[in-house]
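Residue numbers (my numbering), protein chains in the order written: chain A, 1 to 444; chain B, 445 to 707.
In case anyone wonders, no lab produced these hints; they're calculated from the structure.
Some hints could be false.
[What the hints assert, rightly or not] No more than 30 Å apart at the CA atoms, straight line, and that leaves these computed lysine-lysine pairs for BS3-like:
hint, chain 1, residue 1, chain 2, residue 2
1, B, Lys688, B, Lys643
2, B, Lys605, A, Lys330
3, B, Lys588, B, Lys684
4, A, Lys145, B, Lys650
5, B, Lys588, B, Lys628
6, B, Lys625, A, Lys137
7, B, Lys539, B, Lys616
8, B, Lys628, A, Lys137
9, B, Lys591, A, Lys62
10, A, Lys44, B, Lys628
11, A, Lys62, B, Lys605
12, A, Lys330, B, Lys647
13, A, Lys48, B, Lys628
14, B, Lys688, B, Lys647
15, B, Lys628, B, Lys591
16, A, Lys266, A, Lys40
17, B, Lys686, A, Lys137
18, A, Lys363, B, Lys647
19, B, Lys588, B, Lys616
20, B, Lys647, A, Lys149
21, B, Lys538, B, Lys616
22, B, Lys684, A, Lys330
Everything numeric in this text was worked out from a predicted model, so none of it was measured.
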Amino acid sequence: MSYLDNILFAIVLIIGFGYFISNIKKIYRNINLGIDVNRKDNPKERWKNMAMIALGQSKMVKRPIAGILHIIVYVGFIIINIELLEIIIDGLFGTHRIFASLGAVYNFLIASFEILALLVIVSVTVFWIRRNIIRLKRFANPDLKGFPKNDANYILYFETILMFLFLFMNASDLHLQNIPGGYSHFIKAGSFPVSQFLAPLFDGVNSNAVAMLYDIFWWLHIVGILLFMNYLYFSKHLHILLAFPNTYFANLNPLGEFDNLEAVTKEVKLMMDPNADPFAAPAAAEGEAPAKFGSSDIQDLNWVQLLNAYTCTECGRCTSVCPANITGKKLSPRKIMMDTRDRMEEVGRNIDANKGVFVPDNKSLLNDYISPEELWACTSCNACVEECPVNISPLSIIMDMRRYLVMEQSAAPAALNSMMTNVENNGAPWPYNQQDRLNWKNEI
Amino acid sequence: MSENLIVPTMAEMLAQGKQPEVLFWVGCAGSFDDRAKKITKAFVRILNSANVSFAVLGTEESCTGDPAKRAGNEFLFQMQAMMNIEVLKGYETKKIVTACPHCFNTLKNEYPELGGEFEVLHHTEYLKSLLNNGRLTIEGGQFKGKKITFHDPCYLGRANKVYEAPRNLIEKLDAELVEMKRSKSNGLCCGAGGAQMFKDAEKGNKEINIERTDDALETSPDIIATGCPFCNTMMTDGIKHKEKEAEVKVMDIAELIANAQDL
Chain A
1 MSYLDNILFA
11 IVLIIGFGYF
21 ISNIKKIYRN
31 INLGIDVNRK
41 DNPKERWKNM
51 AMIALGQSKM
61 VKRPIAGILH
71 IIVYVGFIII
81 NIELLEIIID
91 GLFGTHRIFA
101 SLGAVYNFLI
111 ASFEILALLV
121 IVSVTVFWIR
131 RNIIRLKRFA
141 NPDLKGFPKN
151 DANYILYFET
161 ILMFLFLFMN
171 ASDLHLQNIP
181 GGYSHFIKAG
191 SFPVSQFLAP
201 LFDGVNSNAV
211 AMLYDIFWWL
221 HIVGILLFMN
231 YLYFSKHLHI
241 LLAFPNTYFA
251 NLNPLGEFDN
261 LEAVTKEVKL
271 MMDPNADPFA
281 APAAAEGEAP
291 AKFGSSDIQD
301 LNWVQLLNAY
311 TCTECGRCTS
321 VCPANITGKK
331 LSPRKIMMDT
341 RDRMEEVGRN
351 IDANKGVFVP
361 DNKSLLNDYI
371 SPEELWACTS
381 CNACVEECPV
391 NISPLSIIMD
401 MRRYLVMEQS
411 AAPAALNSMM
421 TNVENNGAPW
431 PYNQQDRLNW
441 KNEI
Chain B
445 MSENLIVPTM
455 AEMLAQGKQP
465 EVLFWVGCAG
475 SFDDRAKKIT
485 KAFVRILNSA
495 NVSFAVLGTE
505 ESCTGDPAKR
515 AGNEFLFQMQ
525 AMMNIEVLKG
535 YETKKIVTAC
545 PHCFNTLKNE
555 YPELGGEFEV
565 LHHTEYLKSL
575 LNNGRLTIEG
585 GQFKGKKITF
595 HDPCYLGRAN
605 KVYEAPRNLI
615 EKLDAELVEM
625 KRSKSNGLCC
635 GAGGAQMFKD
645 AEKGNKEINI
655 ERTDDALETS
665 PDIIATGCPF
675 CNTMMTDGIK
685 HKEKEAEVKV
695 MDIAELIANA
705 QDL
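The following block holds chain A by itself, in its conformation from the complex (with noise of 0.2 Å):
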């Protein structure tokens, strides 16, 4: 009888890790869409990127109140888990409470495991009534219609449900544990600071169904551990494990150092080369396709664009400090990094549906998810780079999607283009003649 547990148990921790790894696999599958780009240089200030910014949460606190709840999230959430490999070895092998040998450091552990799940609660709570009491303008904001605003909620809902069966299963574990001459196997464990005030609720219960009640309590907790766990790949959450390799793999360049086109690059050399004969049938192509410039789809955006979309958790502080957003323009960079990662999903179900092979949708990322208005509204001022908590860059999505507006299809607004038509003929982006380049010099 006690095995078949044991087995039920393994059964759905080898379901809800199987489930989870298939999708973090299909992730990396749509990653790797993207285009390559070198990010191994400098690997000691990338991990130190990581552990400041990632680990560190040294840009959340920029926001004094956001920042702080949200270290007590994170710390809580890194802290309880300690207490998961405790409950994956009493569930595999039938024991319970098998660290409770560790005497004081086991009650301390409890102990604190208990006041974190609190102040978990308490946080998660400001937190919903920003969302949806006071509403703060980067929630209220029409980018999180629909989904995105239920997924931010259902991510509380989950939270607090989590926190509240770990300190109802211990405070029925308490219970048991104070039957005088003990109970069954519910030895005296632990320290229970918080869950000792609900332990009274279950006085004057039949010990049996107080047994009972801990059992579903915590069935509850791990299985509702699990399904948290594979909520992610649907989620924005995503951002608990991603926001790690995404401030390691960031840009590590001056922010207003934008990346030159290698493409480009072949192509003005040979233009400027004197011994270049221009009649010249274009050099036999090995094998490579013709280059595109810029990025109308996911698939010409680099890897590490798209594990920004995947990264992103729509905090929108990047859109609360965009210039073209706080004046009413349609841009807001977030929707930039939702928008990508909706494409980049829609891809992947295509690949998934045709056997493994991307079959063209006529759709793209540009007209169908982002607009040229979008694109044009920006000033390319890095706000939303600085702010970014984990160093997303919706900046370079939008470079170069303009890059592929511009190159690709003559698309610019017709003032850029005389702009550079100015550039090209007279080297200023106004119609002045070079010639004339230094007469200030004698202007009164």
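Assemble chain B onto chain A, guided by the hints.
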């Protein structure tokens, strides 16, 4: 001819067999925009008075390609870049100073990969170094006790993390430096970057430069200082829009220093 600005060109220097300490990259705004030309001249006056041996490219200078690149025209950018790099290398240029953060950023960060490796400084950094070396002295003069707020140009601040040099210079004027609620890494763009200077804004409910001018006016300054010809235009327009031209001046750091020295 009202004043005697000494502005040698690289070609003239070369003809005399001389190499200047630094090349002053004037930029398109600094060469052609009426407001920005005043900044250019103010900077030259400071260089002249500090006896800095500098030269300009004059008619051999051409757009760095920054607005083309930010607009998405990588071809045009790289053509401009490679032509400029040829010219700069032809004069064996080592050190460049410019009063335009866009030129500064492009020359400093985007030219090296295309073969143009130079030491590039923004004029506020360069002035600070002159000050540190004792070649330039700044006294408060007319700005003593005035309230000055500094608007961080995106391509100087966030893009290249130069926040202190312009502020240090303002403090030397014995002026009261007041910070806007959004400043340094949180500074709000003036609205000109990313080639926006050359087009109308998309549909919205406010112009970005007005939003930024409101930030500046909240500090009730006597002067809004900038370090960028484009920010200067945007803030000047914002002040005009608010009908505050009489009370608030928009000035470049170079102008502040030149005026303080009665140059």
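Do the hints match the structure? See the list:
1. B/Lys688 <-> B/Lys643: It holds: about 25 Å lies between the C-alpha atoms, which stays within 30 Å.
2. B/Lys605 <-> A/Lys330: holds, 29 Å
3. B/Lys588 <-> B/Lys684: holds, 25 Å
4. A/Lys145 <-> B/Lys650: Holds, at roughly 24 Å.
5. B/Lys588 <-> B/Lys628: holds, 24 Å
6. B/Lys625 <-> A/Lys137: holds, 18 Å
7. B/Lys539 <-> B/Lys616: At roughly 25 Å apart (the allowed maximum being 30 Å), B/Lys616 and B/Lys539 satisfy the hint.
8. B/Lys628 <-> A/Lys137: holds, 23 Å
9. B/Lys591 <-> A/Lys62: At roughly 27 Å apart (the allowed maximum being 30 Å), A/Lys62 and B/Lys591 satisfy the hint.
10. A/Lys44 <-> B/Lys628: At roughly 27 Å apart (the allowed maximum being 30 Å), B/Lys628 and A/Lys44 satisfy the hint.
11. A/Lys62 <-> B/Lys605: With a Cα-Cα distance of about 17 Å, the restraint between A/Lys62 and B/Lys605 holds, given a limit of 30 Å.
12. A/Lys330 <-> B/Lys647: This hinted pair holds, its Cα atoms lying about 8 Å apart.
13. A/Lys48 <-> B/Lys628: Holds. A/Lys48 to B/Lys628 sits at ~23 Å (cutoff 30 Å).
14. B/Lys688 <-> B/Lys647: Given that 30 Å is the threshold and the Cα spacing comes to 26 Å, the pair holds.
15. B/Lys628 <-> B/Lys591: holds, 18 Å
16. A/Lys266 <-> A/Lys40: holds, 24 Å
17. B/Lys686 <-> A/Lys137: holds, 27 Å
18. A/Lys363 <-> B/Lys647: With a Cα-Cα distance of about 26 Å, the restraint between A/Lys363 and B/Lys647 holds, given a limit of 30 Å.
19. B/Lys588 <-> B/Lys616: Holds, because 10 Å separates the two Cα atoms, which is no more than 30 Å.
20. B/Lys647 <-> A/Lys149: Status holds; Cα separation ~26 Å.
21. B/Lys538 <-> B/Lys616: Distance ~29 Å between B/Lys538 and B/Lys616 Cα, so the pair holds.
22. B/Lys684 <-> A/Lys330: Holds, at about 27 Å.
The structure shown violates none of the earlier numbered hints.
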